[in-house]
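Asker: Combine both chains into one complex, guided by the hints.
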Amino acid sequence: MSSRFLPETCPAFDSIHLGGGTPSLLAGEYLAEILDCLRSCFRIGDNCETAIEADPLDITDEKAAFLKAAGFTRVVVGAQSFDERVISFLGRRHRAKDSIAAVNVLRDAGIENIGLDLIYGAEGLPVSAWISDLDEAVSLSPEHISCYCLTVEDGTVFGRLASKGRLKVSSAEAERELFLAGSRFLRDKGYIHYEVSNFASAERHMSGHNLKYWRREPYLGLGPSAHSFDGGRRWWNKRTVRGYCESLEAGDLPLQGMEHLTEEQSALEMIAMGLRIRVGFKLDEVILPWIDQQGVDAMLAQGLISCAGRIIAPTVEGYLFADRLPLEITK
Amino acid sequence: MTQIRNFCIIAHIDHGKSTLADRFIQKAGLADERTFRDQILDNMDIERERGITIKSQSVNLPYRSSKGEEFELNLIDTPGHVDFSYEVSRALASCEGALLLVDATQGVEAQTLANLYAAMEHNLTIIPVINKIDLASADIDRTREQIEIDLGLDSSSALLCSAKEGTGVDAVMDAITEMIPPPSGSPDEPLKALIFDAHYDNFRGTIVTCRVFAGKLKAGDIIKLMALGTTHKVEEVGVFRLKRDARAVLSAGEVGYIIAGIKTVKDTRIGDTVTLASNPAPEPLPGFMEVKPVVFSSIYPVSSDDYRSLADAMEKYQLNDAALTFQKDSSAALGLGFRCGFLGLLHLEIFQERLEREFDQSIIMTVPTVMYKIVLNSGETLHVDNPLYYPDPVNIKESLEPFIRTRILIPDKYMGAVMELCLSRRGVNSRFSYPTPGRIEIQFEMPLSEVIYDFYDRLKSTTQGYGSFDYDILDYRKSDLVKLDILVNGEKVDALSQIVHKDRARERAVHVCDRLKDEIPRHLFKVPIQGALGGTIIARSTISPFRKDVTAKCYGGDITRKRKLLEKQKKGKKKMKMIGSVSIPQSAFVAVFKTDEKEK
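So the protein lines, in turn, are chains R and F.
Here the numbering used here is used: the first residue of the first sequence is 1, the next is one more, and so on.
Here the numbering used here is used: the first residue of the second sequence is 1, the next is one more, and so on.
Among the hints, a few may not be true.
[Claimed, not checked] A few chain F residues that face chain R, going by a derived Cβ cut-off under 8 Å, partial list only:
no., residue
1, 524
2, 537
3, 541
4, 546
5, 550
6, 553
7, 556
8, 557
9, 576
10, 580
11, 581
[Claimed, not checked] Computed far set for chain R versus chain F, every beta-carbon distance over 10 Å:
no., residue
12, 2
13, 62
14, 168
15, 197
16, 272
17, 315
18, 326
[As the list claims (entries may be wrong)] Below, computed lysine to aspartate or glutamate pairings styled on DMTMM-like, alpha-carbon distance capped at 25 Å:
no., chain 1, residue 1, chain 2, residue 2
19, R, 331, F, 305
20, F, 564, R, 153
21, F, 553, R, 58
22, F, 573, R, 263
23, F, 570, R, 154
24, F, 564, R, 217
25, F, 562, R, 292
26, F, 568, R, 259
27, F, 564, R, 230
28, F, 570, R, 263
29, F, 553, R, 55
30, R, 212, R, 29
31, F, 553, R, 46
32, F, 548, R, 297
33, F, 266, F, 312
34, F, 573, R, 46
35, R, 331, F, 558
36, F, 553, R, 108
37, F, 570, R, 264
38, F, 562, R, 84
39, F, 562, R, 264
40, F, 573, R, 292
Hints are computed from structural coordinates only; laboratory data are not their basis.
Values in this document were obtained by computation on a predicted structure and should not be read as measured data.
Here a beta-carbon is modelled for each residue, glycine too, at the ideal position from N, C-alpha and C.
In isolation and in its complexed conformation, chain F is listed as follows (with noise of 0.2 Å):
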């Protein structure tokens, strides 16, 4: 156990992560120069275009140092972004260091700092490592100040290294076996393993990722899941050597898999304990939360015809998206659907963009909305994460919508901004501390429906991309609601129907009116557009129709381009979805959720 070490890699998008991470594994000669696809680690197409990680994953890496050590490195690679922040905690309770890695062209920036402090937080020991030094634009003096004084740690200790060249690497890699305590935990205690992570596999269902942090554990032995109280016989316990790579044992100290039957990644929660259903550990580790969503969406099939395939696909997708909730919805404007709950936007989108690339579903998505909790006159509660089932305002005495402390770290010259920000999404209670020199963290108690859109965006733009953002979910409080309607040419669309405090209804109503008239094409007729309160318009728009649309000249060698562009006018409207006489194209249910760039 003296000669393992679990860490993980903290580093802004791009800093070069991904590319340190391919050399650790190269160097472990776990893959050669020809067989490797760059960025192994980051696997998913849409983390590798985002350049973030989604998910948790680790590596094992042998590895010998310079004094001719037998080395165990276990990478542990954790998500990047604040609807994950739990997954993130999980993988970084697995650690006991971590590399801050920080482009010597780019300097310290923001997301390093916050998934630092979370890195502090579990008390891990800290290497600076400065990156792309081979790059004539790199400034190692500056970027070791900004090491020190706005990260506060010791710069002298910094690496230099070119992840991209390799130099330097093998000192990274030794530093890593000095600098970081082996894991401590005996191996002859009851077995408690952290669950960081958990996927799906077509041939051996649930394979479970943790940190095993006392006793031991083999292919046999009964496991128990202390969170959910379930038992399950072990088929096989492994690490990841870019494949599952079987072990006799998994001991105290180790990172690796356990694949146990496990039919879906339901069946299994990150943060809970493993221990043997023989001999249990007396309590779990600590830390243990039921992740809840906490934004709503319904979404359908373009084509109402394929919501069989649509519900294939969600049954399919859901087999590896542990957070992921959905059930049945209908709308009348866009049919059969489901209502699905995320742990935030990002999640959404990320649902969204796989469930078309990866499952070839051509979906519309409604407006997010989080779940308000609606008090009738029959002192009835309603739970309302979806406004078609708003109730009529007659009936309701009161409403009351979800609260959350946000943490938003930034330099303190862009206090004045975000406070601004902050006021104008309904933040109160404020509060301010000063972590570092020159930096600041605010605090506000706010809805959780006015961060769920472009919020983020935002605090990005606002900032300069230095913003970054937390939040935890505190409490309900009364609120004044309204339910606005969107008409298109005449005819309201439910499913942009939208849940809204009443000071901020007419602001979205101009911007759905204004993103339906971008989005939505010329038609022969005009179409207007309106955004409704009960019978009240308080907001139009209006789409002018096409003046003309005819080729001057159409002969014999004309027929077939003209008839190719037919065939793929016709395609595209056979995407868009009729409302009346109204072809909306998907692109416009999710415009009026997107940030206005004019508004930025």
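Chain R on its own, in the form it takes in the complex (with noise of 0.2 Å):
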């Protein structure tokens, strides 16, 4: 459907992202028809990212075999930590030796970027645990490392029980010492931290993916809650799966709504998200009208922001701010 509303002049595909959920639950022969569909439907480039989000569980000899000849070159893994006490916290039913026999398998079958996704500040565990569990994540060598720390939103599970105190809370002092501290720790492995929560060991390895978010490059999202961004509008569409499919039944795009960026709004989403990446932005004619210099000066008189080249972009330091900075240098 979303390919026959795509501009002739659109570009070939370069990436191709499954998650959000454990899409790793399906059975691979449904992966591969889902890979087929989208080569089928979109021009799809020569070298696209094919990336997957998986469980550890899921990740078994036949699946990794399987998402290989599908053709996908990055697989993510759910481990979310290997100290068993964090990882029975966050209520997983995986163990740490699953991660890590799915690391391997995923390894033993080829596929040559793997990521992990890992979680800290949770049970008030101190930087020393944190490290030792980077350190075990390190010792497989994965090409990309997501290190988020945990956020407790009113409304959730932990929510509820961190209101009633059932919940051991990281200060905000607490943690900003676990993300120096994880931040350098991985830096001296050799990786980049090129976002506020992700590390790769080579530029090749960042997600070419998540970056297009970031660089407010457009992209697709198909199936039920997705986002699509096309440089000027957004849209999304419905949340639930019935009312997705049944709009696709009745022959209509799935949509929830969708927003057309005035310049203003289009500056400030680019100043927003390259203060997120090591990258930062340009400071060009569509951007410079809404910047504040003194707020800039400020900021790099408190080192959380570089400026060179016409490029401001954060520090370590300035990613712990990345959700203040765009208030402090914009008009």
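Answerer: Below you can see the structure in the form of structure tokens.
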């Protein structure tokens, strides 16, 4: 359906990402069918990054071989942690050994870009525990590591527990120390800290897909609740599977909403996203009218950003204030 | 005239005054159930929310009594706060009687008492009415007992009603006709009408509400406002029946309105006497007073670009608020603004709320202050109502501040706590009297500056709502004053400066530093806040910086949400005032003169 609405001039897709939920749960043949379908409907580039998010327990020898054969180039394993205390706190079914096995199996199957998703800040564990967790991860030589700070949100199970005082929540100070120590450790091990929560062993192993979000390049999201962006507009699909399917069956695009971004909104997004990534954003004529030079100077003085060759980029310390920096440096 | 009754309703907040007034209006056939907007008399949003009446209003109610006689009842609604006590006194002076409304579930409360005494001073006939008898928690016997003992009224004459259900309302209206005397005064004497309210109408100019005590008045007459000495030609007279209802003539005993091409409410004075230019009364009605502002504060637009729009709003606002005075002002921190004078702190708060809500202005107000007299070494005396213009201390010979006499009425068990409060506010020369058993009236002489911030709030909380408070201005007395400056991140914020008594300076400084610490959001850097007298720091607090502000995940579906949040935050930031590199929210300027919850 979406392919029919794409303009003729649309360039070939250079990344496919299966994520959100646990796509690895699908049997290999369905995954292959999805990729085949995409390849027949859309123009897909030759060196297309093809990635999937996977639960460690889903990665069997057979599944790994299937993923490789189907053309997946990148598999992100939802390890969460190698510390059993953290895994059980998060309520996951797998154990640390399952994640290790999954990485080894994927490696044996010939997957060249393996990513690990990790969570820190749970159970009030000290920096030393987080570093040994990371050490475990690094020993598997993954090409990519995502380190997410545990976020307790209102309205979630964790949120309810935290509000009742039954959950150990880390202080901002503790989270800050975990973040900085983790970044230092991984950089010492040769990883590039290229986004607030993301590390890659080399430029080519960064998530090309996720970089599109942060660099405001176009993307097409398929499936319930998926968001799409064409450079000027952003739209999102119906949230429920049922509503989504009904629209499609009726021959309609399953749109829930769409926004046309103003110049100011585009600039604000460019700045906000740019301040999450190591490469930053360029102070071009689109951005400049919205920049507050005094704010930039103040943030430079505080060492939260750098500015060279008209490029503004966050420092590692600056990553810690990625949500605040756009407010400080814009008018 | 024998068929006219002029009365008001005295009641504590929430005891059902507006509901009872609504019933009267319905019984008089002025509004039916469907077209009825409940609580017609309190028609300003702020009045509804605070449960208080700010301006006097009146309504003329035609009524056929149970004996079949036709009456015209004039209900005069009075304001209920010490800031407006002069307006209350003029409204009471326009009545012959008052309904004392008491909630049967709550009993007699403080405000009832204060207003009752005011009504008694005007020799009004008081009819006790016990309301809300339909509620299960109503305790009629106890309420009767309180009316008898606490108020010293004959409770056997108390009427029972439920304004909500409508029960007993006819009996109350009959009682008004039977117990309250008709007005006296002759329509043949020279005209004397008492102005007790004035409001502005976009089409007709100022509409004056008055009670005619003698003589009569019709369209075409040339009237003279005796205190101001101005004359106007009457365009229309009439009575209020939810809308204006024009009449051929207003005559002695009646309550109604005059439209006479009077441009603004400032061209009239509450308490002034209206007479005829051709046949003037020999002397005006007694009790006229020029109401003067006693509390001063500066207002500034949050964004200095909005000064023009604020100036326009002020022009419009003052059409309907004769008590407000203002002139241009400017601050290094906040730019161009206005220095305003108010009758009291409630008047100030109402002004602020109405300016924001009805006139859509985003403003910052500075700490309210009184008018000080500063005698310089040169012999010159300055009147200083603005800390910006406080002279250099080396040039000051002596300072004087205004004193008031407070009258505080409380149940006697709170005496100790209230004494302590008054003494801590530099109260002197206390005097006590016992108007009724169990009640005590405490009088103190106190600096006015001590009551303008939060005294009333404190009194209320100290006495669990039972304290009522009133004051008169006495004189200027010698005082030891200093100017307290506030520095935020090392920069002096002139709009936060205050003139304070030397002994209270540290306490105020600590208070301001603590409140600013709560109100100013965290920044990326440490923000010190200091209170200083000259070059000496006497208090400080520190806002610790953000340690971290980042969401862990931000992918395709999160960007819109993230941007919307940023847009909201940017809007919030624009509403703040930048002092150096620190953003100070509007609320911080207000918070510095509010009572601290934990101090209560």
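Asker: Out of the numbered hints, which ones does the structure contradict?
Answerer: Hints 2, 3, 9, 10, 15, 16, 18, 30, 31, 34, 36 and 38 are the ones this structure does not satisfy, whereas the remaining hints hold.
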